[in-house]
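Colleague: The residues making up each chain are set out below.
Protein chains: 4
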Amino acid sequence: MAQYGFLGLGIMGAPMAANLIRAGHEVTVWNRTAGKCDPLVAMGANRAATAREVVAASDITFAMLADPAAVEAIVLDPNGVLEGISAGKGYVDMSTVDETTSRWVSEVVTEAGGRFLEAPVSGTKMPAEDGTLIILAAGDEGLYGEAAPLLDIMGKKRFFLGEVGNGARMKLIVNMIMGGMMTSFCEGLALGAKGGLESADILDVLAAGALANPMFAGKGPLMAKGDFTPAFPLKHMQKDLRLAMALGDNLVQYLPSAAAANEAFIRARAAGLADEDFCAVYKIFTD
Amino acid sequence: MAQYGFLGLGIMGAPMAANLIRAGHEVTVWNRTAGKCDPLVAMGANRAATAREVVAASDITFAMLADPAAVEAIVLDPNGVLEGISAGKGYVDMSTVDETTSRWVSEVVTEAGGRFLEAPVSGTKMPAEDGTLIILAAGDEGLYGEAAPLLDIMGKKRFFLGEVGNGARMKLIVNMIMGGMMTSFCEGLALGAKGGLESADILDVLAAGALANPMFAGKGPLMAKGDFTPAFPLKHMQKDLRLAMALGDNLVQYLPSAAAANEAFIRARAAGLADEDFCAVYKIFTD
Amino acid sequence: MAQYGFLGLGIMGAPMAANLIRAGHEVTVWNRTAGKCDPLVAMGANRAATAREVVAASDITFAMLADPAAVEAIVLDPNGVLEGISAGKGYVDMSTVDETTSRWVSEVVTEAGGRFLEAPVSGTKMPAEDGTLIILAAGDEGLYGEAAPLLDIMGKKRFFLGEVGNGARMKLIVNMIMGGMMTSFCEGLALGAKGGLESADILDVLAAGALANPMFAGKGPLMAKGDFTPAFPLKHMQKDLRLAMALGDNLVQYLPSAAAANEAFIRARAAGLADEDFCAVYKIFTD
Amino acid sequence: MAQYGFLGLGIMGAPMAANLIRAGHEVTVWNRTAGKCDPLVAMGANRAATAREVVAASDITFAMLADPAAVEAIVLDPNGVLEGISAGKGYVDMSTVDETTSRWVSEVVTEAGGRFLEAPVSGTKMPAEDGTLIILAAGDEGLYGEAAPLLDIMGKKRFFLGEVGNGARMKLIVNMIMGGMMTSFCEGLALGAKGGLESADILDVLAAGALANPMFAGKGPLMAKGDFTPAFPLKHMQKDLRLAMALGDNLVQYLPSAAAANEAFIRARAAGLADEDFCAVYKIFTD
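Taken in sequence, the protein lines are chains A, B, C and D. If you read the first sequence in my numbering, its first letter stands for residue 7, the second for the next number, and so on. If you read the second sequence in my numbering, its first letter stands for residue 7, the second for the next number, and so on. If you read the third sequence in my numbering, its first letter stands for residue 7, the second for the next number, and so on. If you read the fourth sequence in my numbering, its first letter stands for residue 7, the second for the next number, and so on.
Hints were generated in silico from the structure; no laboratory data involved. Each hint should be verified, as a subset may be incorrect.
One copy or any two copies: either way a pair holds, since identical chains are not told apart in the list.
Unchecked claim - Below, a list of computed lysine-lysine pairs in the DSS-like style, where the Cα atoms sit at most 25 Å apart:
#1 200 to 241
#2 131 to 200
#3 241 to 289
#4 231 to 200
#5 163 to 131
None of these values were measured; they are calculated from a predicted model.
With the hints as extra help, turn the sequences into a complete structure.
Modeller: Rendered as structure tokens:
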């Protein structure tokens with residue numbers, strides 16, 4: 007029976023790994039804070055002491071980590087990914103990182119004999135739990151084929167976008183649009199509130215028209231009642247905007263709206279909202 | 007049998023009036039450029055020589071005009087609305103105007119003995135043709151009740167939002183969000199294009215996720231193939247952004263994303279795109 | 007001996023009128039809040055009960071009012087400017103208003119037989135006191151010549167810019183640049199403060215280089231010590247930005263930096279800083 | 007007699023080195039494109055084949071390079087700075103780089119036994135030629151004292167700002183303000199031009215008031231006549247804005263005006279203006 011690994015059991019990784027286990031797969035897990043493994047072990051996962059052990063024990067290892075620094079650290083650690091990799095093993099990094107980081111991981115994993123797939127996802131906590139993520143894969147197409155059944159457990163839709171870096175770029179672009187849409191949404195709600203319109207009416211009108219989308223429908227009522235429990239932490243949204251701005255600079259693409267949105271999210275971080283849900287950026291338009 | 011009037015037979019007004027006629031109502035029409043009446047007369051409408059005649063002949067008159075100046079002109083014209091109004095007649099202005107204009111029309115119509123409803127719509131050419139507009143009514147609630155069956159022919163959803171001005175505000179807020187979303191969408195597509203991603207892939211990824219919305223789905227493929235045939239002319243989008251910015255200034259609401267979007271649309275006007283569809287703002291991100 | 011009038015004795019108008027009196031001119035004054043006339047009367051001014059009386063008693067009347075609404079009100083008031091104007095009298099409006107207002111005043115004053123000069127100023131409280139304003143005149147060139155000796159008492163430099171409206175435009179453009187420079191200055195100081203640099207060092211470095219200017223030199227030390235006593239109230243700065251944005255929209259000129267600055271000043275108004283000096287916008291970058 | 011070195015003979019470095027030579031100092035020079043050494047050798051400089059030779063031959067070596075990549079390359083090159091450094095030698099890097107790069111150079115030079123001073127400058131081609139740069143030094147205070155007489159030849163004013171990184175930060179902050187001021191200036195000139203005002207009048211009005219500064223006075227007439235010969239290339243201005251934005255993100259400082267200015271400069275790069283003077287950003291406001 008094929009063996010799978012999962013590294014990184016945070017808000018996203020834990021339910022993704024849980025879905026693999028629930029589907030009957032053999033999964034070995036590891037997390038920097040070891041306690042986060044407990045619920046998954048209770049579900050039937052194998053516990054490993056290091057990332058190296060996970061990779062060594064698995065045909066394909068999935069990773070879902072917080073940021074480029076964590077991705078690099080887990081690869082290079084003396085007990086990390088590279089130490090466990092060997093010919094033919096697959097490493098599927100589902101973290102959201104910049105393309106430079108992704109290309110570097112691809113290079114070092116490939117040099118060590120492994121195969122690499124970047125597969126960042128679109129979707130936050132709830133889709134991770136429901137197995138309805140959108141998966142943006144790029145890199146080794148053979149590995150993509152082998153991982154497909156597992157990606158289909160974690161997500162409802164998957165794309166293969168070509169060479170390593172394209173998945174990262176697609177993710178950033180989608181999240182950049184998300185940041186811009188959220189900022190526009192907040193400004194509209196804030197302007198309506200000052201102008202004597204009911205939030206519920208605004209949400210109903212938006213829901214009825216050409217702008218209707220699951221994010222407005224899902225976040226709007228939470229924002230209206232002031233529930234900012236983190237599904238996608240604000241600091242991660244701003245990190246993605248930062249990376250998108252850097253990509254724009256690099257490709258010489260002018261992005262004035264995204265720049266304005268990015269500044270709003272930076273201001274929200276300065277206001278102490280980094281660990282709330284990204285829709286908490288609403289507060290800076292109403293303070 | 008109740009008599010209805012319709013003033014303004016442009017991109018929006020013509021199909022809206024046509025839907026009323028098709029539903030079997032008696033409708034008298036007028037347009038500044040008289041030739042635009044011909045197709046409606048061919049469908050069974052009565053032709054009037056002036057706006058005054060339309061109002062005089064109708065129980066309820068609907069108007070769909072280009073901007074505040076046109077709305078004011080048609081009301082004050084020696085052969086205009088005020089000359090035809092009398093006790094009990096209803097005037098339903100469906101144009102998108104600022105709230106000051108709307109309140110002024112309400113006042114003068116009411117002083118002349120008429121009843122007033124503002125009823126701006128959300129939706130452009132296609133929904134006007136399909137009778138699937140979103141109607142944002144405010145003002146005389148009795149008139150709203152009487153006009154409801156006709157509003158239900160022109161639209162798929164209607165809201166009564168209270169006092170005159172609230173419909174205008176809601177419309178501006180929705181269109182302000184629309185302008186911001188379109189700008190974010192354009193920036194994402196432009197960044198993707200520079201970064202080697204296929205537009206079709208970006209549209210598919212967006213369609214699969216939490217940002218999916220009818221506007222992206224409808225405009226995206228047109229933008230990708232360079233079809234900017236006007237459904238909602240760019241200059242009208244920018245006009246709405248201008249009015250929304252003025253509302254923000256007036257209510258002391260900070261709107262940095264909308265400001266950035268507004269500047270993008272102004273730049274698009276300077277680039278000669280005023281009469282193309284508002285999604286032609288895409289061109290300024292790719293020139 | 008020539009008779010002069012002065013309408014509007016606020017932060018700017020009072021010292022400007024005082025300079026005319028000190029220079030030995032006969033000046034009749036009026037202010038909406040009559041008590042503001044007292045110090046000038048003590049200096050030798052004549053007191054009038056209405057604006058009409060001032061204009062009727064004077065060869066040339068100067069006005070320095072808060073905004074377009076005040077400018078219109080004083081002209082149209084039953085005891086206002088138009089009631090006092092007659093053939094040959096000069097009316098010099100030094101208020102900062104939009105060009106539409108200025109053109110309207112020009113028209114009604116001219117129709118009443120008077121001559122009109124718009125003469126907005128660049129410079130705030132201190133230059134008004136020191137007689138070192140920059141005066142941006144446009145309109146009746148003959149009146150400009152007659153008023154020149156008095157303009158030279160109130161200002162250190164004057165320009166004649168052609169037809170009515172050009173003075174207003176020039177003023178808005180200068181103030182728009184001022185708003186943008188102030189915002190950039192605040193962002194630099196705030197970034198420096200977060201980055202461990204001394205404000206005094208930043209001010210010294212700026213003072214030594216190509217960016218050195220009287221505004222940074224004058225406002226910088228006040229901002230560093232938190233003194234925001236109004237010389238040019240923040241709400242007036244934002245009003246000028248609003249008018250400049252409207253001019254840009256009207257002339258189809260794209261102004262993204264000014265838009266960002268305008269939003270910063272709107273946010274400052276929302277934060278309760280409307281009546282502090284305009285450099286108090288600094289607070290929104292450091293809160 | 008003390009021996010000095012100079013690495014990097016571009017627009018800035020060449021005149022700076024020339025000033026040292028003209029003042030009678032013994033200077034050994036090197037440049038990646040060797041031909042750039044010729045004019046300085048003709049003035050009396052010694053020519054070295056590598057950066058290593060320059061450092062080995064000099065008590066204090068000055069460097070003026072294009073960007074962080076060039077700064078790193080020259081240090082690490084097998085024939086580079088580190089190979090020539092030894093106990094007590096001074097290395098003064100006058101390039102504009104981010105603080106991370108500067109701290110890294112400090113570390114490796116210090117580890118190799120050398121002493122390090124960062125000393126970025128404010129001022130472009132003309133001040134470099136005239137010896138009127140503003141020098142923003144930080145790092146080894148002893149080296150600062152020894153280098154002072156040479157800094158005083160290259161500059162008219164110098165600051166010692168404490169620990170390594172503070173010079174870089176100060177430089178970025180000054181240049182960020184410069185980018186913002188230039189953008190505001192361009193918007194004002196463009197708005198004036200569309201509004202029928204003469205550029206010369208706008209420049210005169212600015213020169214007379216509180217915003218008067220050497221940059222407007224120097225660049226304004228060049229911009230008005232369309233002379234964009236590079237003194238400070240536009241791509242370098244945008245690089246500094248990019249670095250300033252990154253510093254803001256890192257320090258969680260909200261910088262909306264600088265973000266708008268940065269986007270304007272990115273758009274200017276996309277328009278093919280990278281190698282013109284930074285004031286060529288004017289063209290994107292008038293196209």
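Colleague: Hint by hint, which ones does this structure get wrong, listed from lowest number up?
Modeller: 2
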